[in-house]
Amino acid sequence: MSERIKAVLDPICREVGNDRTSLLDILREVQHRCGGVSGEAVDLIAKRLNIARVEVESVVSFYAFLSDKPNGNVVIRICDDIIDRMHGSETVARAFESELGIQMGQTTEDGKISLTHTPCIGMCDQAPAALIDDVVVTHLSSDTARSIVAELRENPDPTRLVKELGNGNNAHDLVSSMVQNNIRLRGPVLLADFEPGTALKKALSLSPVEVIRNVKTARLRGRGGAGFPTGMKWEFTRATKADKRYIICNADEGEPGTFKDRVLLTEYPDLLFEGMTIGGYAIGAAEGIVYLRGEYAYLRKFLESVLERRREEGLIGKNVCGVEDFEFDIRIQMGAGAYICGEETALISSCEGLRGDPKNRPPFPAQSGYLGYPSSVNNVETLCCAARIMEHGPGWFSSHGTDRSAGTKLLSISGDCKRPGIYEVSLSTSLKEILSLAGAEDAQALQVGGPSGQMVGRQEFDKTICYDDFATGGSMMVFGPQRDLLEVVHAFLEFFVEESCGYCTPCRVGNVLLKQGIEKILDGKGEPADLPYLEELAQTVKMASRCGLGQTSPNPVLSTLKRFRSEYERRVKPALDGRQPDFDLSEAVAQAVSIVGRESTHS
Amino acid sequence: MEKVVTFLLDGEVIQGQEGQSIMQAADKAGKYIPRLCAHKDLTPHGSCRICTVLVNGRPQSACTQPIADGILVESETPKVNQLRTDIIDMLFVEGNHFCMFCEKSGNCELQALAYRFGITAPKYPYQFPQRDVDASHPDIFLDRDRCVLCGRCVRASKELDGKNVFQFVGRGVEKRIAVNSEKGLKDTDADVVDKAISVCPVGAILKKRVGYAVPVGRRLYDHQPIGSASEDETTK
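So the protein sequences, as listed, match chains W and P.
Numbers given in our numbering equal positions in the first sequence, counted from 1, plus 5.
Numbers given in our numbering equal positions in the second sequence, counted from 1, plus 812.
It should be emphasised that the hints constitute simulated quantities derived from the structure, not laboratory data.
Check the hints yourself; a few may be wrong.
Straight line, CA to CA, 30 Å or less: simulated DSBU-like cross-link-like pairs of lysine-lysine [stated by the list, open to error]: (1) K74/W - K1007/P; (2) K52/W - K1007/P; (3) K970/P - K11/W.
Looking at chain P on its own, in the form it has when it is part of the complex (with noise of 0.2 Å):
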């Protein structure tokens, strides 16, 4: 039998098992933590820093900071919410992100946190960095532009297809996504039905020729604010 552990979610008693984290104890139990790099099928990372809580005080990510009995922990509040709001500004201005002209407007979750934390333009000063576009490979684009650093592709190509695709590169503000060859995507064993290409949470990896299919009014968040879904099953 596997320990039951409880703690305080935002005043709120929430029962998990030992082992899990507070993202997936507080998923369990209906709350969503708002998120970036996390995905539930692939190892926890840690990185984009969005799903930030105080654990009796402290600032911890909830995707890799395991429950403890009767640990304190607090998400949705004005001082946490201030520095998701600073981090996903952070993530706009860092890359190149035109949502208007995205293909992933609407589905993507950068924008939908943005929509969440109502975000209409960042307060830090946009940093215009070059970034390479491989088109190379004949399904799939890679737009670095994008890119938000959050290692889904790297870690769902070793996890899950078994393969080696995406690596990170380079260090601090020239730390970039590179590919398992020389000659770009195509080089490479990627294959459009991978995991890696469907986790990417924004427009940088996309499958060529889908872009627009669904009409703006039925695309992911067009309705429904990011981390509704998870809120909505509480409430059923």
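For reference, chain W alone in the conformation it holds in the complex (with noise of 0.2 Å):
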């Protein structure tokens, strides 16, 4: 064992108490200091924490930003979502490999640089975007990206890069970020004056069961797609008995093409963490976790300054506003790069310091979640609307949006549009409205939801954004009349090869399988008996998947099917003589050919 990675491991380890709950902390802060996790450190941490070396390596292999062999002392990941490809990522990539003359997942031979790909890093609205480290570079050129590669050959350092400060918090000095917020539209409930405390001290003025009451009267429900009613899963969360509950936010923003969390964190910490102290409250918890994702990195130190400030006064901690009795502070655990993580049991399993794999229900969350005790795994957005719904009352909440739909939703527009960026609109706007808000008249498709969402054409723009039409976390894609919407499908299936966490065959391999099928039609060797292929085996990956991330995977696929069949019609030719049209006689035969030293007499 090599003394200099002990000198480095041991005050990690010592540091979390050599406890297994925070091996991906341990694991992350290894991966920053040495350029990736060895096999020794894995033998080492395993030592310390008194695990097998196979549970190690088995949480290394699970996680994007951690890897068994060594990075350069820069990491550059090119944001490879399918709107960043549209706004021309990928001559942006092909410039940063020519420049440090190496291709996509190498580093440079002198171990200083390396080059990568990464899904969405929720900057679509300033794409193309790349993560350099923790610095978020935006508005990529083939220019700009020769000129970072002198530069970080000049000097490693990728916070000098940034020249310009975003606006708002994204020009505080512990974010100094180019990041720019493109708040485009406010509304009443989300993005409007908060005055700290303010919601916080009306809720600890009820009692909890009031609380609770008052978010079902509101009838607030998850803003991160699935629309579960928040006040019942808080209520279920306090109604199991235990010595200690978790309130979790899910600041997992994955899904490709949604950003609304971004900007909340950047402007509205304090709401948040105001809305996760109501919720503990509420539940009976004393501890509240954040769950960042980790291509949020760059907003951490800004967040923890504000938790700092609010324990100073008094909004958390012993005695939160003078209430004798509530104990309740907040931490961040910082995700590493997995998709599946924004699923609420995966969260969980990957805050335990786990792989990110979903586990099995029931028992749910609120039943046995966290570390075994109950806990309310709750979006941002959500607990941001719990906020408010103290703040103003929930008549008030409710008097936005309607009946089964009440208040507003951030979206994230981004794709083919004049204005991309965040729009506060009533639940129930129709499609029709928000295309004509981000200027994209002329859209043929809209992706409602991200890649597990729908694709919706013209035909349906009429219909609304709520739970009863389309439900949605809030990303919006628009695809112009010159994109091909195959290739868009085929986009989202890599996505969702690459995100799947392997856990359950459908999802494991049906996602492989349907984007063979995509390729195949798509390289013009499609027949028309692939589209009822394609069908079931969507079907099936939907019916027989394990959890969310299976269940809506194949939705690019049936979506486009439904609404855009002619996509697929059109390239699809019947076989020829009998023959499978991907069937090439003469490359079949061609080996035989050369031996014989004649042309086939068949061909």
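Make one complex out of these two single chains by using the hints.
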């Protein structure tokens, strides 16, 4: 065992009390300090935490931001979602490759710079974008790619790449980011002024049961996309007898095309923390955890400082707001690059320092969640809404939207539109209105709810955003008339193949098969029978998968087969001479032909 | 006294004890629900999804879903069996399964399931993945080509052997079984008598030097399809 590794690792492990549930934190730190988690490091960590080495290896191999092989001193991760591709990310990637003299997935020979792809980093409104270590760079071009490489070669500190600061808190000392908020439309509920403490003090003047009743009266439903009634979730969590309970904020905003939580975290952290504190009070929790996606690490120090300020102001900590016996604090748990961790039970696994595998349900988190304690996992926006309900009352909240879909919704709009960014709209706003707000009247399709949602065409643009029509976490990707929708479907399937945890068969294998089926059609080798084949396969994956990822990953295929069937039909052709269309006879006999030395008489 | 729970399985009234899974209650009643990752001595895993049933119309894995009064469970229906067939097909194309050369042939649960469901050739394209074989151990083979990622070995090693020989690494289609040593099985505390070795439903973990010991005709599934044993018990 090399002494150098020991010298780095031991303090990291000691810092967290050699606690197995802190394994992800340990690995993130080792990755950061050593550029990778070597076999030797795995052995030592296993020894310190008193677990099997293969358990450590298992976690390292799960998260995209951890690697067993050493990365360069600086890692460039180019965002590879469909929106970034539409804005030229592939050209940018080629420029980085040629400037660095390496391919995607490689490290320069001097060990200084690694180059790779990463799925959506939540910057579709300022694409193409990339992560350089934790630093976000946006609006990239081939030129900026070249200058970035030149600067990094001169000085490897990526923070120096930020020349102009973004607006709002992006310019805060502790953020210092070039990210822009792009708030295009403010509504009355979320993107309005907030005085820290106002919502919390009102909540604490009520009993926890009354708080829950108010959230129920307001008819708040989860904003992550699933739409489960928040008050009920809190009630169930409170009802489970336990010594401890947890409220967990899902800030693992990973659905491609969504970036609204980024803006809430940047501009409304007090509103969020207040919502968590209110939730903690309501369910009887003393601890809250913000699970922050690894891609948003640039916001961490700022968020920590807001928490510290709230501690000083008595808004979290012991006797919150002077209420005796109500102790509540919040910590931030960093993710490490895994879309699946946005699934609530996978998120809990990740908080426990495990692979981000979803858990079997039942038990539900409200019965047995984080470390076996009852836990409520709520989306960033949901918790912000909860704070507003306390601030202004449930009647005020439910006066917005409709009976079954109360309040407003934040939308992240990107793609082929003139004004990409964040919009706060009333629930039940029509897709047509949304497209006109964003300057995308000529859209041929709108992807509602990200890849796991629905691709919708013009004939349905009169439908609305609400829990009864198109329920959505808020990702809205616009595709103009020039886009090939099957290419879009393919990109979405690539994403799901990459992000499936692999736990269950239908999702692990089925998504690969779906992707191959689309590739066959894109290659011009499709036949009419491929359409029912894809439909049946997609249904199997949807029905048999264990969690929300596999239950929704076939949606790109199913929704386009339903609404854009002609995109498929125009590409498939009946097989000739009873052969499969992808069978090339001359290619099949090529080797024989070369041996025999004369052309086949059959081709 | 444990509470009796009554529910319907394919139209038949089944009584079980509160806390049982649908699979446990069905087994007790002599009704076989096809399965692969589930094993009676191990914590349910819910990963292969072959035991998928419809509970009040919603798909659930029978091995993890608890029984409840009045639920309607559909198992032996064309729709559910089609899902199962598709999943078995997926497992065949995902790995490298050559039944005709495999020592496990005739005793293999994946092969037996295929026979039960009448699968002669999978409808999905073969993936032919590149997978590593670990033959380092003196008494045990680990051939990942045949692994179906059911996790029985992972659980058995922990729960029955009190060891930690196996674990999953990677994710998605790259997910594999790994062993607790960089140098392979030989450097772990795996022993040929471990339960983790014998619970493998397929030919991924095999004991060395005992291949083809049972002649064709006398193997586990040569005459009766998988699931027959428990079905027989009801008729006794």
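Checked hints:
For the given pair, K74/W sits about 33 Å from K1007/P by alpha-carbon distance, which is inconsistent with the 30 Å threshold. Using a Cα cut-off of 30 Å, the hinted pair K52/W and K1007/P holds, with the two alpha carbons roughly 25 Å apart. Distance restraint check for K970/P and K11/W: the Cα-Cα separation of roughly 29 Å lies within the 30 Å cut-off, and the hinted pair is therefore satisfied.
Hint 1 from the earlier list is the only one contradicted by this structure; the remaining hints agree with it.
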